Amino acid sequence: MAEEKLTTQAENFSDWYNELVIRAELADYSPVRGCMVVRPYGWRVWENIQAALDKRFKETGHVNAAFPLLIPKSFLEKEKEHVEGFSPELAIVTVGGGEELEEPLVVRPTSETIIGYMYSKWVKSWRDLPILINQWGSVVRWEMRTKLFLRTTEFYWQEGHTAHATEEEAREETFRMLDVYADFAINEAAIPVIKGIKSETEKFAGAVMSTTIEAMMGDTKALQSGTSHFLGQNFAKAFEIQYSDKNNELQFAWTTSWGLSTRMVGAIIMTHGDDKGLVLPPRLAPIQVVMVPIFKNESEKRQVMPVADDLFAALRAAGVRVKMDDREEVTPGFKYNDWELRGVPLRMEIGPKDIEKNSVALARRDVPGREGKIFVPQTGIVPTVQNLLVEIQAALLAKATAFRDSHIFSPNNFEELTQVLQNGWALSHWCESSACEAKVKEATKAATRCIPIDQPASTGACIVCGQPSKRKVIFGKAY
RNA sequence: CGGGGUGUAGCGCAGUUGGCAGCGCACCGCGUUUGGGACGCGGGGGCCGGCGGUUCAAGUCCGCCCACCCCGACCA
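Here the first sequence stands for residues 1 to 479, numbered as in the numbering used here.
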């Protein structure tokens, strides 16, 4: 049961987040360092994310499968950049069944290697391509500093792995899945994201090109919320994924991989949450409408409950995720705060006055106080609620977009760049050299987030060194 | 691994010159309450992070160790 007030975002955004995750019962700390327990309420959010993504994966021709958790250590070593990137954060199993293993097994940090190995077995002919497989699972990366949902030692995600006959096809796939992620983020999570390409230093270990959707959190820090990689032939060569083309010539395949994790839950919390707690987008909320019946005594209860039950049944029959909070040991006021903390988009209050007037009170989570509370007739409650949920979903996206756009700046020089990065992102010309990127990081702790894909053609001078630049990049502090 | 901090009930904390281990919230029971975080009465719950030392006596003093948190280096 919730206690009193949350730390406010202004007081300490990080404390606000940590307290909220615990008190809203999304997740809890586990006895194992850096690992988290996803509690039922948090997991239902993840399940809704999974459903929305999985539907999109299927629509774009992908199928699900499952690959092993344990991978021979030698597999990781077959791709040079991949092993360099991941070896510091591997968990390694050396004993099984009481015996020292002949070859140590790594707990997968990602599955390019073992899937690459399997693809080499499955691919013989151009007719075997493309292979479009996704897997839902978890991976382990031995992180130094962890934070619930954002960075934990084990995290849950999906990883898609595809193999194609041509470079062009593989590049198309990379961007197709980036579009899927962006569509999901915007239309399901109500998080405006910027699609872009990662710099050389920020890209995935082993990729030729990494793309990302970047979101701005409520403290203006950036969160990479999903990534899609064009792997070129790097893994195909390391694992000998080869096929005979139509001319019977042996070719290496071209592969991609793309992932989105439970980090998305953290993104939702930090994009929409406020000082009263969580604010969940209706499309992903485990509970879309919570009903709070109000009565003082048995006689009022006998009047109120049958009507409340009927409304509940009508909403549920219409597919609305509705919950009746019929606890009698806590007051309605307590319930209001409790469900606001948990981010339920819409609250319905129904008491004796409503029975008299054939009305109910509806309170929007995204509009605080009296302004968000309206009285509507019980008649037609289903469309009323459905329309409001759609409205709330749109309002969340609009609000988050306005917030983000008001915190993206266009500094004119390096000095201004360091200034604006204290309170947002910078969109600037950049020569794409690692040296200039490092200088910005040195001065501000901010890195390049991505080169936005959708940007008007322009030429300019690198904000750091003044060399000519053809594209703008986003700089920002990141999680 | 560097810098800083904290370990006392589930959570947040107090504990004076060393002298019966406490408070608030949460939890359990009973009753009254219930349209924005109700109240009364009665209860349960402790290896005071660990080990060692000083002392008649240690949550308190001394030493060592451990864990966790925050800030950096690394990261979806």
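The reader is advised that the hints may include incorrect statements.
When the alpha-carbon atoms are kept at most 27 Å apart in a straight line, the in silico BS3-like pairs for lysine-lysine are as follows [what the hints assert, rightly or not]:
(1) 399 - 353
(2) 477 - 399
(3) 296 - 357
(4) 276 - 221
(5) 477 - 221
(6) 470 - 203
(7) 121 - 73
Now the in silico label distances, taken between C-beta atoms and shown as ranges [what the hints assert, rightly or not]:
(8) 183 - 96: 53 to 61 Å
(9) 313 - 88: 17 to 25 Å
(10) 352 - 66: 16 to 24 Å
Note that these hints are calculated values from the structure, not bench results. The structure displayed is predicted, hence computed values, not measured ones. Just so it is clear, CB atoms sit at the ideal spot from N, CA and C, and this is done for glycine as well.
Okay, the hints, checked on the actual structure:
| no. | hint | in the structure |
| --- | --- | --- |
| 1 | 399 - 353 | violated, 34 Å |
| 2 | 477 - 399 | holds, 21 Å |
| 3 | 296 - 357 | holds, 18 Å |
| 4 | 276 - 221 | holds, 21 Å |
| 5 | 477 - 221 | holds, 5 Å |
| 6 | 470 - 203 | holds, 20 Å |
| 7 | 121 - 73 | holds, 19 Å |
| 8 | 183 - 96: 53 to 61 Å | violated, 43 Å |
| 9 | 313 - 88: 17 to 25 Å | violated, 55 Å |
| 10 | 352 - 66: 16 to 24 Å | violated, 54 Å |
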